[in-house]
Every structure is written in structure tokens, then in C-alpha cells.
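*Asks:* Residues per chain, in single letters:
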Amino acid sequence: MVLKVSGLSKSYVQGDGTLLGVLKNIKFELPQGDTVAVMGESGSGKTTFLNCVAGLDHFNSGTVLLLGKILSSLKDKELGSLRNKGLGFVFQFHYLLKDFSVKENIMMPCLISGLTVGESQKNALDILEKIKLLHKAESFPSQLSGGEQQRAAIARALVMRPSLLVMDEPTGNLDEHLSDEIISAVIGLCKEHKTSILMATHNKKIAGMMNKILTLKDGELWMQK
Amino acid sequence: MLILFELRLALKFLFVKPRGFYRIARFFTIATLAISVGALLVSLSAFEGYKKIISQSYLDSSSHIIASKKFASIGGDKAKVLDILKGDVKAVAYSGYLELMLSSPKGLKGAAFQVVEPDSFDEVIPLSKYMKQGAPQCIFKAKDGVIVGSALAETFDLKVGDRANVVKGKNGIEKLYVCGISEFGLYDIDSRLCWISVDTAKRLFPGADFETSMKIRLQDTADLESSTYKLQEALGYGYEVRSWKDMNYGMLESVKMDRTVIFFILGVLIAVAVFNVFATLIILIREMRTEISVLNILGLNTKRVLRMFFIQALILGFSGYLLGVILWTFCLWLIKNWGIIYLPKDIYLVSQIPIGVNGWDLFYVLFMVVIFVSLASIAPLLHLFRRFKKEGSSYGVKGQWAQ
Numbered sequence: 290m291v292l293k294v295s296g297l298s299k300s301y302v303q304g305d306g307t308l309l310g311v312l313k314n315i316k317f318e319l320p321q322g323d324t325v326a327v328m329g330e331s332g333s334g335k336t337t338f339l340n341c342v343a344g345l346d347h348f349n350s351g352t353v354l355l356l357g358k359i360l361s362s363l364k365d366k367e368l369g370s371l372r373n374k375g376l377g378f379v380f381q382f383h384y385l386l387k388d389f390s391v392k393e394n395i396m397m398p399c400l401i402s403g404l405t406v407g408e409s410q411k412n413a414l415d416i417l418e419k420i421k422l423l424h425k426a427e428s429f430p431s432q433l434s435g436g437e438q439q440r441a442a443i444a445r446a447l448v449m450r451p452s453l454l455v456m457d458e459p460t461g462n463l464d465e466h467l468s469d470e471i472i473s474a475v476i477g478l479c480k481e482h483k484t485s486i487l488m489a490t491h492n493k494k495i496a497g498m499m500n501k502i503l504t505l506k507d508g509e510l511w512m513q514k
Numbered sequence: 003m004l005i006l007f008e009l010r011l012a013l014k015f016l017f018v019k020p021r022g023f024y025r026i027a028r029f030f031t032i033a034t035l036a037i038s039v040g041a042l043l044v045s046l047s048a049f050e051g052y053k054k055i056i057s058q059s060y061l062d063s064s065s066h067i068i069a070s071k072k073f074a075s076i077g078g079d080k081a082k083v084l085d086i087l088k089g090d091v092k093a094v095a096y097s098g099y100l101e102l103m104l105s106s107p108k109g110l111k112g113a114a115f116q117v118v119e120p121d122s123f124d125e126v127i128p129l130s131k132y133m134k135q136g137a138p139q140c141i142f143k144a145k146d147g148v149i150v151g152s153a154l155a156e157t158f159d160l161k162v163g164d165r166a167n168v169v170k171g172k173n174g175i176e177k178l179y180v181c182g183i184s185e186f187g188l189y190d191i192d193s194r195l196c197w198i199s200v201d202t203a204k205r206l207f208p209g210a211d212f213e214t215s216m217k218i219r220l221q222d223t224a225d226l227e228s229s230t231y232k233l234q235e236a237l238g239y240g241y242e243v244r245s246w247k248d249m250n251y252g253m254l255e256s257v258k259m260d261r262t263v264i265f266f267i268l269g270v271l272i273a274v275a276v277f278n279v280f281a282t283l284i285i286l287i288r289e290m291r292t293e294i295s296v297l298n299i300l301g302l303n304t305k306r307v308l309r310m311f312f313i314q315a316l317i318l319g320f321s322g323y324l325l326g327v328i329l330w331t332f333c334l335w336l337i338k339n340w341g342i343i344y345l346p347k348d349i350y351l352v353s354q355i356p357i358g359v360n361g362w363d364l365f366y367v368l369f370m371v372v373i374f375v376s377l378a379s380i381a382p383l384l385h386l387f388r389r390f391k392k393e394g395s396s397y398g399v400k401g402q403w404a405q
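Residue numbers (this note's numbering), protein chains in the order written: chain A, 290 to 514; chain B, 3 to 405.
Treat the hints as calculated values from the structure; they're not laboratory data. Just so you know, even glycine gets a beta-carbon here, dropped at the ideal spot from N, CA and C. Where hints are given, some of them may not hold.
[Claimed, not checked] Quick partial rundown of chain A residues pointing at chain B, CB under 10 Å, derived from the structure: (1) 364; (2) 367; (3) 368; (4) 369; (5) 372; (6) 374; (7) 376; (8) 380; (9) 384; (10) 385; (11) 387; (12) 397; (13) 437; (14) 445.
[Unchecked claim] Some residues of chain A that are not near chain B, with every Cβ distance over 12 Å (derived): (15) 388; (16) 415; (17) 419; (18) 462.
[As the list claims (entries may be wrong)] Each pair of labels, with its calculated beta carbon distance range: (19) B/339 <-> A/404: 41 to 47 Å; (20) B/17 <-> A/427: 19 to 25 Å; (21) A/366 <-> B/388: 14 to 20 Å; (22) B/17 <-> A/411: 23 to 29 Å; (23) B/341 <-> A/366: 56 to 62 Å; (24) B/33 <-> A/304: 41 to 47 Å; (25) B/222 <-> A/366: 54 to 60 Å; (26) B/25 <-> A/404: 51 to 57 Å.
Let the hints inform the model, and build the full structure from the sequences given.
*Replies:* Structural data, given as C-alpha cells:
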């Protein structure tokens, strides 16, 4: 099991001091290699859910068992290592570091993990070739099209061959044709590495490409497919 | 090494593509630090140079140790002194002292006449190093020869070959032959010190004792205090033994005190300049919130993110320090070659700012910069640490920055 969530709750304090429950007692399991889409209206808490299960945000109660480790018990260093080696993240915006070339951006997780520059470069070029972006290796993010930027972000997320890829509206800024192409490429790469996918999306077509579809409504998670 | 990665990131974010207001903040941080470091180093060099010139001039005009006998001549005690100090001694010479008036149509001025003997004179007092004109031995060769300090010679418009009028009180005026002009570079010495031989002194004042003190030059200055103490102990309290440092204690301590005060005053200037490091870090942390979050999400843990910013603060501090050192070197070159600042020599004893370099000063100032930069980094790094604690890693990619 890659991810096991039980009793997850998260609420925000509103301006008037009252609590707004975003996630309510959520239970969820994600086996190795499985692909899951989380759908829901804007503001339903999809991003909060992803951030909480991936250790990017704090939650109020519940347990998240990620890659065999209880998130709330991890120290900062262990959490960093877990995110570096076990998780990949793709957001709606590419969030590539603009001061670094595409290749350097993709090398970043490898360098953070302590790999040498040579090893990191090899890994980066391998994944860039697979995602058909090798010719843009030395370009800077600002020199890429929207689709290329998102592909580079996906390459960065997958370069460490993580067990779980977390994507938050990865095609939100792309047209339909490009979205299909990119998600197909991601699914292909993830199958190759047995990487599980947990994706939040509004796009029903993209969601349909996953094994399971869940809907987040009123802070609760419902199985749709 | 993992720290190299943080160093590379820090350099990249600092210098490769600085952006926005940060570029201006970085410039002011480095510039103000460079100016304050440069100012402190120039001041320390001036004090070092001043201390060196004063020490060297006073030492060379008087020798390491001066021994005298209370109310009696020390003549005949040379063997005794040599026996006490044995191998520590380089040379010993008897010396006498006269205070007389020099006169000319321009007026009268007091002068201190050092009465020296030919034997080991130049070894005890290396006057040849300080001769502007003539040679030290001229006072033994020429009849009634005198070596006059350069400032004194200037006052009376004396040149080598001239006759200097010496007032002997009721006994009238004697004419001495100016055979040399000395220049120690210190107005206090050059405006009052003259040198004559024992024979000339005896001719001026027949029957007077000119073996009133003994000047001792040591092999190694490190033995100064122990040799002075040893000699005093061995000779007993009928003798007075003083080192050149004891005799110039007030002057040397005053320079030391001034140097310490300047170090602290200009050190405060550096502390103020380092406040810019604090402001720059705050700006950097705010402008880089997305990058910080992304790096954290990619696995760079909080400690390493904080380390990266601390390295950036150190790089800023070190850049300012390095530019300050360059500025200091340039100022030293200017002062050495062009003078730039001239001083009234009757007040400061020297006419130009003397320059001396003490390698330890560079280290002390660097140490000071590192300490101040570290202190200035605490608040911004704590701010960033709290942000991570409060909002988690994703705060930067949410595009939010809660106040």
C-alpha cells in the first residue's frame, strides 16, 4: 500500500473566528501502481486533501500512512527525504525555477538527494528523452511553451522514480489536445516505474483515464468509479 | 558534500539573476559594508604605522635599555653589565646628556645633546640608518663636529659644513661644526636631538662627567623585560634600569588606547552596515517564497533551506569584506604614493599618515563581520522557520504570504 488515510480532518479558522471544516474524517487507500482521480467543485478541498496526504500541509486529526511511514511522526529531515525519494509533485502551474535551465530544474531533486552532478545529469537527460523534451534541456523555463513547461515539471516530478505522483490540476492551463497527450505520457511513464498516481482534476475526460474516480463533497470522499 | 549544493544555490540566487528591489538592496548591503570595513582597516593601518614609526624611532634613538647610577657616574660598570646579561647583549656604550641652547639671528632654541663614545656607538644607536646627510662617525673625525636633527637644522637653516652657535650660559658662545643631519621621521626627535662626541663635550665643559648612563642593545627584543628586570635585580637599587618601553610608556599606551577606541567606534559602523544584511535577507526571503516552497517540496528540508539563506548572508558579508579590503589596499596605495593627508607635525609628530599592516587586523575584522552577519541572520531565518512551521511547505506555491 502506497497511501493509507484514516480519519483525516482539516479545518480552517475563518475571519470571524469560526471553523470551516474542509476535510471530515476521510478514509482512503491507494495500492501500489493504482491511479486515482479526485474530482469536486472548486473550493471543495481537493488541493487541501492532496497537500495533507503528501505532507505539504498540516491537518487537525487522523492518520496518514505514506510509504509505510506515519506522516505526523516524521521529523523535518525524514519528511524531506520522503518527499525527495518517494513523492513527485505536479501543480497546475509548472513552478519550474526560472533561474535554472530545464536540465538543471530536473536535476534538482537528484542533487538534493546527494547524487553527484554527473549522475543527476544522466537521470535528467534520460527522463527528458522519454518525455520528448531533450532538445530543450538547456533552455530556460521562460523560453518554453505552456505544454513544454508542464512536461518539464512532470519530468522533474518523475526523475527520482517516486512511488507516488501527486498532481493538482496538472492540465488546468492547457488545451484539451495537449492535456490528453501529456496525461497519456505520464500514465505511460508511471506504469513503467509502477508509480501510483493521485490526481485532483475538474476534467472528466482526464479523470476517466485513471483506474478510480473519487469525488470530494462537503468534506467527504465518495467513490464514483 | 551536501553543503556544496546549498552553496551553489546560494550563489546562483545571489549573483546570477538577482531581480527587482533585491538587486538594489544587495548593492547597498555590499557597498556600505565595504566602506565601513575599508574605513576601519585604513584607521587600523594608520595606527599600526604610527605605532611602528614611534616605536622604531624612540627605540633607535635611545637603545633597548638605559642604566644609570643614582647620584654618581656609571663609568667603569660596563664589564659588570656585560657579565650580568652575558649572551643577551649585542652592544653597550656609555652616554651623556646635555641640554643647551642653539642660537642664530632667527632666535634661540633648546636642544638635547646626546654625548656618545666612539666604541660600539653605531651598534647601540644605529644612527647610520637615519642620516639624511653625512655619516655618524663624522663627530669623532671632525673637530667640534655635531650631528643636528633635521627639523632643528631647518629651524636654524643649518646645512652640512655650517657652524652652529651653542650658548654655554655665562661662558659665552661656542661654534660647532655641522658634519651631519639626522632624520628619524618623528618631529619630537628631529626638532631637539643633536649628537656630539665625548671629546667635544669635554672641551665644552672640562671636568664634567659624560658617562652618566649606559645604553644597552639586546640581541633579541623578546628578552627586553626579563633583561631589564635581571639587570635591575643584579645591580641593586643604587642603579636605575629602564627599558625604552618604560621610558615611552605614556606615548605607547596612548596609541594603543586610541587604536582600541577607533576599533570599537568603527566596529559599530560595521554593525550598522550589517543591518542591511538583515533587510536584504528579509527581501530575499519574501521574493523567493515560491522557490523556497518548491525546493522544500522537492525534498530540501527546512534546515537546509535555512542553511542556504545563512550561506547567502555570509556571502553578502564576505563580499562586503572583500571589497572593503580592496578599498583599503587602494587607500594605502594612495596614501603611500600621493600622501593625500598631511598632518601638522608639531602636533602629531609625523607630517604624513604613516601606514603599517598587521595581518591579524584583517582576521579580527573578518571575524567581526562574520559574527555580526550571523547575528543579523537570526531574525530573518527564524521568521522563515516559523512560516514553515505554521503554514507547511506549500505556502509559497499557494501564492500566499500571510502576515
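*Asks:* Look at each hint and say if it fits the structure.
*Replies:* Do the hints match the structure? See the list:
no. : hint                        : result
1   : 364                         : holds, 9 Å
2   : 367                         : holds, 9 Å
3   : 368                         : holds, 7 Å
4   : 369                         : holds, 3 Å
5   : 372                         : holds, 5 Å
6   : 374                         : holds, 7 Å
7   : 376                         : holds, 8 Å
8   : 380                         : holds, 6 Å
9   : 384                         : holds, 5 Å
10  : 385                         : holds, 8 Å
11  : 387                         : holds, 8 Å
12  : 397                         : holds, 6 Å
13  : 437                         : violated, 18 Å
14  : 445                         : holds, 8 Å
15  : 388                         : violated, 4 Å
16  : 415                         : holds, 18 Å
17  : 419                         : holds, 19 Å
18  : 462                         : holds, 14 Å
19  : B/339 <-> A/404: 41 to 47 Å : violated, 53 Å
20  : B/17 <-> A/427: 19 to 25 Å  : holds, 20 Å
21  : A/366 <-> B/388: 14 to 20 Å : holds, 18 Å
22  : B/17 <-> A/411: 23 to 29 Å  : holds, 28 Å
23  : B/341 <-> A/366: 56 to 62 Å : holds, 60 Å
24  : B/33 <-> A/304: 41 to 47 Å  : holds, 44 Å
25  : B/222 <-> A/366: 54 to 60 Å : holds, 57 Å
26  : B/25 <-> A/404: 51 to 57 Å  : violated, 33 Å
Checked against the numbered hints given earlier, this structure breaks hints 13, 15, 19 and 26; the rest are met.
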